[in-house]
Every structure is written in structure tokens, then in C-alpha cells.
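Enquirer: Residue numbers (this note's numbering), protein chains in the order written: chain A, 130 to 477; chain B, 130 to 477; chain C, 130 to 477; chain D, 130 to 477.
Certain hints may be false.
Same chains, same names: a pair is fine if it fits in one copy or spans any two.
To be verified - Capping the alpha-carbon separation at 27 Å, the derived lysine-lysine pairs in DSS-like fashion look like this:
| # | residue 1 | residue 2 |
| --- | --- | --- |
| 1 | Lys169 | Lys400 |
| 2 | Lys179 | Lys132 |
| 3 | Lys179 | Lys400 |
| 4 | Lys295 | Lys382 |
| 5 | Lys169 | Lys132 |
| 6 | Lys169 | Lys320 |
| 7 | Lys382 | Lys320 |
| 8 | Lys169 | Lys271 |
Hints were generated in silico from the structure; no laboratory data involved.
4 protein chains.
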Amino acid sequence: MIKVSVIGATGYAGAELLRLLHGHPEVEVVHITSESSAGKPISELYPHLKGIYDQELISMRAEGNMEMIGRDSDFVFIGLPHGHAMEVGKALENMPVRIIDLGADYRFDDTSIYEEWYKVPHTHKDAPRVYGLAELYRDQVKDAKIIGNAGCYTTASILALAPLAKHRLIDVNTIVIDAKSGVSGAGRGAKTANHFPELYDSFKAYGVATHRHTPEIEQALSDLSGDDIVLNFTPHLVPMSRGILSTCYAKLKDGISAELVDAAFANMYGKEYFVRLLGRNGYPATKNVRGSNFCEIGWHVDPRTHRVIVLSAIDNLVKGAAGQAIQNMNIAAGLDERTGLDIVPMYP
Amino acid sequence: MIKVSVIGATGYAGAELLRLLHGHPEVEVVHITSESSAGKPISELYPHLKGIYDQELISMRAEGNMEMIGRDSDFVFIGLPHGHAMEVGKALENMPVRIIDLGADYRFDDTSIYEEWYKVPHTHKDAPRVYGLAELYRDQVKDAKIIGNAGCYTTASILALAPLAKHRLIDVNTIVIDAKSGVSGAGRGAKTANHFPELYDSFKAYGVATHRHTPEIEQALSDLSGDDIVLNFTPHLVPMSRGILSTCYAKLKDGISAELVDAAFANMYGKEYFVRLLGRNGYPATKNVRGSNFCEIGWHVDPRTHRVIVLSAIDNLVKGAAGQAIQNMNIAAGLDERTGLDIVPMYP
Amino acid sequence: MIKVSVIGATGYAGAELLRLLHGHPEVEVVHITSESSAGKPISELYPHLKGIYDQELISMRAEGNMEMIGRDSDFVFIGLPHGHAMEVGKALENMPVRIIDLGADYRFDDTSIYEEWYKVPHTHKDAPRVYGLAELYRDQVKDAKIIGNAGCYTTASILALAPLAKHRLIDVNTIVIDAKSGVSGAGRGAKTANHFPELYDSFKAYGVATHRHTPEIEQALSDLSGDDIVLNFTPHLVPMSRGILSTCYAKLKDGISAELVDAAFANMYGKEYFVRLLGRNGYPATKNVRGSNFCEIGWHVDPRTHRVIVLSAIDNLVKGAAGQAIQNMNIAAGLDERTGLDIVPMYP
Amino acid sequence: MIKVSVIGATGYAGAELLRLLHGHPEVEVVHITSESSAGKPISELYPHLKGIYDQELISMRAEGNMEMIGRDSDFVFIGLPHGHAMEVGKALENMPVRIIDLGADYRFDDTSIYEEWYKVPHTHKDAPRVYGLAELYRDQVKDAKIIGNAGCYTTASILALAPLAKHRLIDVNTIVIDAKSGVSGAGRGAKTANHFPELYDSFKAYGVATHRHTPEIEQALSDLSGDDIVLNFTPHLVPMSRGILSTCYAKLKDGISAELVDAAFANMYGKEYFVRLLGRNGYPATKNVRGSNFCEIGWHVDPRTHRVIVLSAIDNLVKGAAGQAIQNMNIAAGLDERTGLDIVPMYP
């Protein structure tokens with residue numbers, strides 16, 4: 130059995146990790162932590178876990194706990210706000226435990242980009258880390274000490290555009306990503322803006338031209354294409370709990386046909402279990418992947434404008450967070466990537 | 130491996146059966162049927178199943194198919210509208226296959242009650258059948274040929290009131306059940322009443338004093354208490370997809386204390402895995418059990434009116450349909466009841 | 130023009146008052162107050178009011194403000210939490226201004242009941258007040274100094290049962306009220322329990338046997354029937370923004386026919402503009418009255434149990450708060466009751 | 130009083146017209162029609178109208194009815210599916226009545242574009258018509274015989290981009306419009322795709338590169354800019370009832386500053402009552418305009434990509450249909466444009 134701990138277990142991603150790990154046949158959860166709720170059973174905060182995980186939350190900062198976590202665990206998942214995972218990463222650096230951070234601290238090759246967008250100093254610049262988007266960085270993930278698990282919007286957006294970037298089919302100056310997320314993406318912290326009556330029967334954008342997932346998408350697509358990509362990314366809030374749909378636009382280069390686009394997707398994802406290709410003219414829906422680790426992708430070529438429009442849908446808490454983290458763990462542990470993630474989406 | 134077929138697989142309960150059976154380690158799905166969509170892969174109707182169940186639907190009425198289903202299957206689940214399961218039950222009566230009907234045809238001991246409420250003749254009155262509410266009829270389910278799987282509202286309502294009825298703590302003439310269901314309970318057939326904009330941001334009752342789950346609840350509670358119970362049952366439509374909450378009222382008999390009520394619940398459900406007791410003053414929520422086979426129960430005793438108010442929550446498609454059917458199958462097949470049903474609810 | 134002020138204008142009921150008053154041809158809003166947001170324009174807190182009410186909020190506690198409000202206003206609406214309206218009531222007691230409190234402070238004849246359920250001392254016991262449920266207390270409202278505007282659940286529940294109580298058709302010991310409300314009823318204050326993802330696709334009860342609207346319903350029904358009524362009232366939270374549906378149960382007295390029930394409703398509400406009788410077997414829906422001051426009522430008589438089941442629907446922020454307050458103001462000001470309230474519900 | 134009739138009154142736009150016309154002080158509704166429900170009172174189909182509009186629907190095709198409608202009405206609103214308004218337009222061509230069509234039949238200057246996208250022949254090519262987007266075509270609307278009321282997505286999208294097109298600030302080859310609508314935009318006809326449980330907690334796109342509002346947006350923006358604009362328009366379905374948010378992208382021409390963008394919006398809409406400018410970096414939300422005729426607009430300039438991103442929000446049934454139709458009627462009748470439309474949005 131693989132022994133895992135979850136640091137910062139009381140956010141939605143932490144709770145989702147526990148849901149998915151319960152169904153993982155090779156995993157045992159050893160420690161779960163929370164600073165604000167240490168001493169309470171997790172099921173007091175999340176009644177849906179009652180009888181399944183009644184385990185007590187501990188403080189990672191209490192005397193000896195971090196060392197105990199490091200010693201007892203093969204993998205540590207971190208569900209802390211950005212800026213805090215580096216503390217854990219450094220504390221566990223010299224222990225054999227491997228780390229999967231669900232936040233942004235270890236996602237950037239160039240930490241100055243992190244510092245610019247996240248407005249905090251990066252204090253672990255030489256960390257031995259890889260970017261954890263399994264379909265694209267599988268080989269690096271295998272032996273990584275620290276995995277910077279890809280973000281939710283970014284996973285949907287990168288997977289949508291990766292084949293086009295890699296095969297250089299698009300004019301990279303024309304990329305526009307219009308993304309929409311359920312409210313769980315904003316976390317569990319109560320605030321007026323996310324109070325039920327404020328959002329119900331409403332729709333709006335936020336973070337236009339400033340959202341922190343922008344440079345993460347740019348990094349991965351630049352990496353694939355060899356270009357230095359700068360793009361627009363616009364997030365929106367959908368009055369629903371879960372799910373992300375990303376609508377991605379780019380001009381095809383001259384002479385690129387719809388068939389070449391089809392081939393790029395088939396080539397890149399034909400053998401990927403978690404990427405469900407709906408083909409040209411396909412329409413992903415967040416409900417089709419809800420609760421699962423799938424990413425659905427469909428694409429459209431507009432002969433009038435010579436633009437390609439790619440649609441991708443994921444569950445933000447699964448493929449966009451906890452599921453992807455487990456997929457990365459499976460790879461890193463040498464297991465079949467699907468172990469514990471062979472889940473049918475919940476419909477309706 | 131247990132071989133199962135699903136007759137009438139294209140309703141929500143049928144699709145949910147496929148979702149849950151996929152996670153069942155001892156089951157193989159052999160045939161799935163639909164009269165209106167025969168010849169199509171089920172994933173064309175339910176895109177969330179793409180890549181998981183792309184199996185073709187067959188017609189149960191096509192030459193030789195019913196016999197083939199009977200021959201190839203250890204268990205047949207029936208997801209047909211009421212009145213149609215009897216046809217299947219009779220056709221398979223003399224084959225070794227066992228039958229679990231998710232509809233109402235085999236739920237009543239007294240078929241005249243069925244005929245009165247369902248307005249169709251019962252054509253299989255001597256069917257060797259048992260009522261399939263596992264927590265109450267486990268012993269009968271073990272060896273049953275035909276299991277009339279309990280309904281959704283009825284499961285929530287009966288489990289809520291069973292300890293009080295069995296221990297004779299309440300005045301059975303005072304029972305009022307006010308139940309609320311998500312819209313998936315109404316099936317997948319499109320009609321104006323269930324068109325999205327008609328129900329969103331709205332709440333209403335339906336079927337007051339006439340809903341067909343009434344006599345089913347009365348049958349089970351009468352059976353437990355020895356009285357001839359007549360009660361009020363009122364269903365309501367909640368603008369959400371899944372979940373039932375049942376709010377049940379009854380006057381406690383003179384001298385019955387809150388502690389006796391507590392003891393009745395503990396006594397009846399203390400060892401039941403799928404019944405989650407939240408205790409006196411507990412508040413079940415449908416979200417806490419969503420996607421799982423759990424039934425959450427909390428109860429309240431009002432000293433001012435000497436009424437007990439019991440609250441119960443289930444997922445109507447799981448404990449109220451497909452999950453309970455699999456639980457019954459597990460019992461009938463001699464498996465651990467939880468096999469394939471050890472699912473963490475999906476939250477949020 | 131009638132001059133009105135709104136004290137505590139930043140809750141949902143305050144904002145709804147401003148929406149409705151804008152459409153009132155005889156009203157001018159002079160002052161609006163908030164302690165936490167004094168100095169800000171109300172449209173900064175409620176962007177939907179931008180360009181309509183950009184008026185600045187003032188503090189009622191700032192030197193001279195309360196006196197100014199009293200002097201400048203014909204009517205003052207109070208939208209403060211319970212316990213705080215008494216302060217205003219006393220401060221304005223000797224000025225000619227009339228007061229309509231949307232909270233509970235002035236709803237009870239017997240202030241000891243208020244103190245018992247609300248857990249605060251009543252400091253204005255001799256206030257010249259009337260209970261503001263217009264259809265039942267119209268004559269008293271006409272000349273009242275202080276009107277204790279009826280609560281949301283209570284308005285729906287009392288209007289549903291009033292004809293039966295008044296005509297003494299029911300056994301008053303058998304009353305059960307099962308009520309359901311949209312989340313705006315819980316106010317605008319952010320807390321985890323009402324965070325969007327926590328409530329979406331979920332349903333639950335709260336305040337069983339302890340909700341503060343219970344004694345208010347009992348007071349009005351006792352008043353009508355002459356009996357000392359004690360009943361059960363159970364509120365539930367519906368994942369929607371607005372609307373209350375109340376499902377009310379009682380045993381009919383021996384010999385009371387469905388026709389007598391019909392007559393009681395016709396007799397009491399036949400001429401009431403804001404009470405929409407849907408008749409026997411009618412089904413109110415909250416969407417049918419959304420945004421309007423209507424109360425829809427339908428009733429059902431169950432011959433099996435001899436119970437009557439009455440359903441009523443209102444918009445909790447209109448007939449359950451701001452609309453009713455304006456209706457009371459109209460009566461008190463000698464205007465046609467419908468002035469400014471002749472609003473078509475918003476559907477869908 | 131202006132006498133109006135509504136042809137095709139049973140769709141959502143028809144019902145919304147009746148809601149808004151009820152609050153219009155200068156209007157009397159004389160006839161309402163429906164072919165499928167002729168003979169029924171409209172309140173039977175729309176219970177929220179009970180007691181307000183209990184008027185009987187008539188058939189426009191019954192002997193003499195069309196002539197009667199034409200004779201009795203100053204204005205006729207048409208709420209028929211595309212292809213059917215032309216029949217009405219021709220029948221009433223020589224009567225003094227004026228026509229406002231809420232569908233697409235009279236929206237295009239070049240009827241060949243209509244025929245290409247709508248796949249029906251245009252049978253009234255020489256109709257004396259104007260495009261009914263009041264803020265842009267006010268002068269033409271004044272004396273028009275037939276007004277082709279602008280569509281819902283198009284109103285939001287055109288108003289968002291009009292200042293940029295008119296002042297030629299953007300590269301018109303780079304326009305991408307990503308729009309999102311509540312489900313009422315799809316009409317009231319029941320179908321599985323819009324069945325409540327199918328859409329709840331889900332999000333998806335549809336009609337990519339093929340939606341019929343595309344050429345309508347292109348026509349208006351080309352008209353304003355003098356260029357021949359071809360653009361991408363992508364609609365999405367939001368799990369809510371009402372509201373459209375349009376997110377519009379374009380590259381600013383070299384040297385165009387954010388201040389010039391600000392000035393373009395101020396210049397064009399500074400005096401428009403129904404256009405609410407939220408300014409640079411503003412965030413419209415559909416809830417802020419729900420139930421009202423407002424269009425909220427905010428814009429953002431991204432220095433990294435030199436793109437402008439414009440956000441606009443409307444209520445699809447008001448500014449996107451019935452409200453705009455009444456605004457057009459007011460203009461055509463010489464009334465203050467706001468008459469009957471001075472409505473505070475319903476929040477929350």
C-alpha cells in the first residue's frame with residue numbers, strides 16, 4: 130500500500146482527494162492536516178464523509194508533525210493556498226517522501242513569472258520540480274520529487290490547444306481563451322460575492338486580462354510550440370457547483386485544413402484514456418465528465434474566418450485538481466495511470 | 130462473475146445502474162435493451178458513458194432476445210414503466226435467472242391495491258416476489274426469484290418511520306409525510322412542465338393525496354406495526370437534479386420519551402452500513418449523500434406538541450433506485466452487501 | 130407625495146423596498162440608512178440600483194440624524210435585525226411619523242412570547258402597535274402608529290390556514306406546517322452554510338420545532354379561531370433565490386365537507402386582490418408569484434385521512450416583506466392598497 | 130391609449146410583452162393570438178398572468194381575424210418563429226397599423242443573407258422595414274412601418290462593439306464574440322436537450338460558427354464601421370433562466386489607447402438611459418439587469434496583447450426581446466422612450 134498524507138485537507142480539493150483516494154485500491158491515507166480545524170474529525174467539516182473518514186485533522190505546524198508526516202508517507206498532497214506549499218516543500222526536501230502540490234508554487238520553470246503574477250517571493254527556486262499535467266509531461270512526472278499539479282482552467286485550456294501548438298497549426302498571436310467555471314473553483318471560504326442568492330440565476334466574468342492561470346497556459350503552450358506565446362484568458366463564473374468549459378479561439382495558419390486539425394488531435398490523444406475526443410463539430414458538456422477525471426474535447430473549423438474553435442470540458446475538482454494529482458501519483462508510483470480513477474461521470 | 134442484463138436501460142435509473150455496475154468488481158453486463166433506441170450504442174443517448182459503455186442496445190421484443198437475455202444472465206434488472214415489467218417477469222419465470230424490477234409491478238402483496246392506484250390490471254398475481262427494501266426485508270430478498278425494488282420516496286419515508294412503527298411509539302393515525310425530490314425522479318421524458326426555465330427558481334407540490342407511493346409506504350409501515358396504517362404523503366419538486374428529503378411527522382404515544390425514540394433508531398439501524406444516523410436534532414442534507422447509497426436520518430422531538438419529526442435524505446437514483454437494486458442483488462447473490470457500493474458521496 | 134425613509138436599507142428586504150418604491154407613484158424616498166456602509170451610495174452595494182438610486186446611505190446614529198429622519202418622513206420602514214427596531218420605535222414615538230417594522234420587534238401582543246423565542250428583552254412593551262398582515266388586520270392597520278409587518282413564512286402559512294381557523298373547520302391540535310424557502314430569506318450575510326456550492330443541488334430542513342416564526346403563526350391563528358393553538362412548523366432551504374411554499378396539514382372536524390372548505394376560502398378571500406385562489410386541487414408555484422405581492426392558494430381534501438392540505442406560495446421578499454410593508458403603508462395612508470404593487474410576476 | 134395586439138403570444142417573449150405592457154400607462158392590449166391554443170385564456174398557459182390577463186387567445190388565421198387585428202390595433206407585435214412573420218407583414222401591409230416583429234424576418238437589409246442562414250425563402254423582400262436596435266437606429270425607427278426588432282445575442286453583442294466599430298478603433302478581422310445565455314432564450318418548447326436534469330449543473334456551447342445571430346451582428350457592425358466584417362460568434366447555454374453575457378474580443382489598432390476606448394463609449398452612450406456604462410475594468414452581471422431593459426457594459430484593455438475585451442449583459446427577454454420592442458414602439462409612437470420601461474432590475 131502507498132501511504133499518503135494530505136496537507137491542507139479542508140478545502141474542496143482536499144475533500145475531493147479523500148473521496149477519490151477512498152476508491153483507490155493501493156492507497157492508505159495516513160495523516161490529514163488543517164491549521165484552523167486541527168483536532169476536529171474531517172467529517173465534522175464535511176458531513177458527507179461521516180463513517181468513511183472520521184479521522185482527526187492535525188496541525189502540520191505542531192511540534193514534530195511535519196517530520197512525522199514526511200516519515201510516514203510515500204506521497205504528500207498539498208492543498209494549501211499559494212505561497213504556503215514552499216514551506217512544506219523545503220521541510221520535506223531531504224526526506225524520501227514525494228510531493229504533489231495542488232497549488233501554484235511549483236508550476237513555473239521561471240519563478241520570476243510566479244513572483245510577478247502571484248505577488249509573493251518564491252522561496253524555493255531550486256526545488257527539483259516538474260509541471261504536473263500528465264498527458265504532456267508524463268515522462269518527467271515519473272521520477273519527480275516535487276510535482277506542481279496543473280491548475281483547473283489551465284488543464285482544460287492547455288489540453289484543448291496543445292495539439293495545435295505542438296503541430297504549429299495556428300498563428301499564436303491570435304489565441305483567445307474564454308473559460309467558464311462552476312463556483313467550487315473559488316474555494317470554500319464564504320464571502321458575499323459567492324453567497325448563494327448573489328450568484329444564482331446570474332452570470333459574469335472576472336479577472337479579465339489579469340487571471341493568474343494566464344502565464345501557466347502560456348508557459349505550456351510556448352513549451353510545445355517553441356514560440357513565445359502571449360494570449361488572452363478570460364474566466365467566468367457559472368451558477369453551478371462543478372465543471373469548467375474552455376472555449377479556445379485561434380486563426381489557423383494559411384493552408385491548414387480541417388483534416389490536419391483532426392489529425393493533430395488524433396495523433397496527440399488517440400491513446401489517452403482520460404482525454405475523450407468528440408471529434409470535429411463535437412460539443413463537450415461539463416455534465417458529461419462530472420465527478421470523473423475525463424477531459425472532453427471537440428473542435429470546429431470556421432471556413433468563413435479560418436479560425437479553429439476548440440471546446441474542452443473537465444470537472445475542475447477532479448481532472449482540474451484531485452483526480453489529476455492522483456493520476457500524477459499513479460505515474461510517479463509506477464502504477465497503471467487509471468488506478469482508482471476508473472470512474473463513470475455522474476449523470477444527471 | 131455475475132452476469133447481468135438491464136431491460137429498459139435508457140431511463141435515468143438504467144443509466145445509473147450502468148454507472149454503478151461499472152464499479153462493481155463481481156459483475157459483467159451482458160445485454161442492455163431499449164425498444165425506442167434499439168440498434169444504437171447507449172453512449173449515443175448518454176454521452177457521459179462514451180468509452181465506458183459503448184454497447185449496443187437491443188430490443189427485448191426481437192425474436193429470441195428475451196430467451197437469450199434469460200439464458201445469458203444471472204440477474205435481470207428491469208427499468209421499464211409500470212405495467213411492463215410483468216411481461217418480462219412472466220417470460221423469464223421458468224428460467225433460472227433472477228429478476229430485480231425497479232418499477233412498481235412487484236412491490237405489492239395485495240395486487241388489488243396496485244390495480245387501484247396504478248389503474249392497470251395486474252397480470253402476474255402469483256409471481257414469487259418480495260419487497261426489495263434491503264434493511265427491512267433482507268432475509269426474504271436472499272432467496273427471492275423476483276424482487277420488487279422499493280421506490281424512491283418510499284425508501285426515504287419508510288426508513289425514516291420504520292423504527293417508530295416497529296416499536297409502536299407513535300399514533301399511526303397522525304402520520305404526515307412531506308417529501309421533496311429533485312427532478313430526475315420524474316424521468317428523462319421531455320415535457321413543458323419539466324422544461325428547464327419552468328422549474329428553475331421555482332418550487333411546488335404535486336400529486337397531493339393521490340401519489341402512488343402512498344400505498345407502498347402504508348404497506349411497509351402497516352407490516353411493521355401490525356396496524357392498518359393510512360397516512361398523508363405529499364411530494365414536491367425541488368429545482369435540482371438529484372436527491373430526496375422526507376420530513377415525517379407523527380404524534381408520539383403518551384409517555385413515550387425522546388430517549389425511547391433514540392433507542393428505537395439505534396436498535397434498528399445501529400449495524401446498518403447504508404443508514405447513517407445523525408442522531409436526535411440531526412439535519413440530513415441531500416448533498417451529503419449525493420451519488421451514494423446512503424440514507425441519512427435525523428430526528429427531533431417537539432415537547433410542545435409531543436410530535437416526533439424525522440428527516441431522511443437519499444439520492445433518489447441510488448438508494449432510491451439503482452443502488453438499492455444492486456444492494457438487493459448483492460444479498461441475493463450472497464455477496465457482501467456493500468460490494469460495488471462503497472462510494473463516497475460527491476460533494477459539493 | 131408621501132415621504133418615506135428606510136432604516137437599515139442594505140439587507141435584501143431594504144433593497145427590495147427601494148425596487149418597489151421606485152414604481153410607487155405617490156412616494157418619494159428621503160433618507161436611507163446603514164451603520165456599516167454609511168457614506169457610500171447604495172448602488173455601490175447593490176449595482177442593480179445604479180442610475181436609479183445612487184443616494185448616499187447615512188447613519189441613523191449620527192448626531193441629529195434620527196430626528197431629521199423623523200421630521201422629514203411620513204413613514205419610516207425599518208429593515209434592522211430583531212432587537213434593534215425598538216430603539217427606533219422609541220426615538221420616533223413622539224413625532225408624527227408612522228413606523229413599519231419589517232422585523233419581529235412589534236409583531237407580538239404578548240411580549241413575553243417575543244422574549245422567550247427571540248432571547249432578548251422587549252424594551253418597548255407599551256408601543257402602540259398592530260400586526261401587519263393586511264388581509265386580516267386591515268382595519269387596525271389604518272390608524273396604527275407602529276405596524277409590525279408580518280414575517281415571510283408566517284404570511285404564507287397564516288393566509289393558508291386563516292379561513293379554516295376562522296370558520297373552525299379543523300381540529301387545531303393536528304396542524305402541521307411544512308414550509309420551504311429560497312435562500313434570500315436568510316439575508317445577505319455571507320457564511321459557509323449559505324456559500325453557493327454548499328447549497329446548490331441540495332435540500333435540507335433547519336430550525337425544526339424551534340423556528341421563531343412558530344409563535345407568530347400561533348398568535349394569528351389563535352386569534353382567528355379563539356382556540357389556544359400550538360402547532361408544528363418546519364422550515365426548509367430550497368436551492369433557489371426567492372419564494373416560499375407552505376404546505377399545511379390539518380384534520381377536518383367530523384362532518385366538514387370539501388364544499389365547506391371551498392366556501393371558507395371564497396368567503397375570506399373572494400375580494401382580496403393579492404390573494405389568488407387556485408381553488409380545490411390547485412397547485413401554487415413560487416414562480417407564479419415571483420417579484421409580485423400575490424399569495425397563491427390551493428387546497429386539497431383527502432377523503433382517506435379526512436385531512437385538508439393547503440398550499441400557499443409567496444415571494445418572500447415581496448408579500449413576505451417589502452411588498453406587504455408597502456401594502457400596509459398604502460392602507461395607513463388612505464391610498465388604494467394596490468398602488469405601486471400592481472406588478473406582474475416575472476416568469477420564467 | 131395606444132392599442133396593441135400580440136400575434137404569437139404564447140412564447141416566452143409574448144408572455145414577457147404582456148408583463149411589460151401591463152405596466153405601460155399608455156397602452157391597451159386588444160388582441161392576443163395563438164394557433165395551437167386559440168380559445169384558451171392565456172392565463173391557462175401562464176398561470177402567473179391569472180387575474181391580470183385572463184383574455185382569450187384567438188387564431189390569427191380564423192376568418193376575418195387578421196383584418197380585425199389590423200383594424201383595431203395601432204401596433205402589432207409578432208412573436209412567431211422565423212418565416213411566419215412575413216405572412217402577417219404582407220397581410221397588414223396596406224392597413225395603417227405598424228408592426229414590430231420580434232423574430233428575424235425583417236432584420237436584414239440583404240434578404241439573401243437571411244435566406245442563406247435561415248434556409249427559407251424571403252417572401253416580403255420589398256417590405257418597408259428598419260432594424261430595431263433603438264440606440265443605433267432611433268431615427269429610422271421613428272417613422273417605420275415594419276420594425277425588425279434586434280435579436281437577443283445580437284443586441285448584447287452589437288451594443289458592446291458599436292463604439293469601437295464606429296470610431297474604427299479595432300482591427301475588424303480580429304473580432305471574437307463569446308456569448309452566454311440563460312435557457313429561456315431557447316423558447317418554451319419541451320425537448321430532451323432542455324429538460325431540467327440535463328442542463329442543471331452543466332455548461333456547454335452550441336451552434337459554433339453556424340448560429341444565425343452571426344450575420345445580424347456582422348450587418349450592424351459593418352454598417353457602423355464601413356468595413357465588411359466577418360467574425361466569430363459562439364453561443365453557450367448557462368444553467369439559469371434569463372440573461373445574456375457577451376464577452377467580445379478584438380485587437381486595438383496600433384496606437385489606440387485605453388483612453389480613446391473610454392471616450393468612444395462615453396461618446397456613444399453617455400446620454401443613453403438604457404445603456405449603463407460601468408466604465409473601464411467594469412464587470413457587468415446578468416443579475417444586475419434581470420427583468421429590466423438595461424444593457425450593462427464594461428471594458429478592459431490588455432496591454433500585453435493590445436486587445437480590448439468588452440463585456441455586456443442584458444435580460445434576453447427584455448432588452449433582448451420584449452423590452453426592446455416596447456422601446457421601439459415608444460419611439461415610433463412619439464412617446465418618451467422610457468415609458469413603461471422604468472423598471473428596477475429584480476435582485477437577488
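Enquirer: Which earlier hints can't be squared with this structure?
Expert: Of the numbered hints given earlier, those the structure breaks are 7 and 8, listed in rising order.
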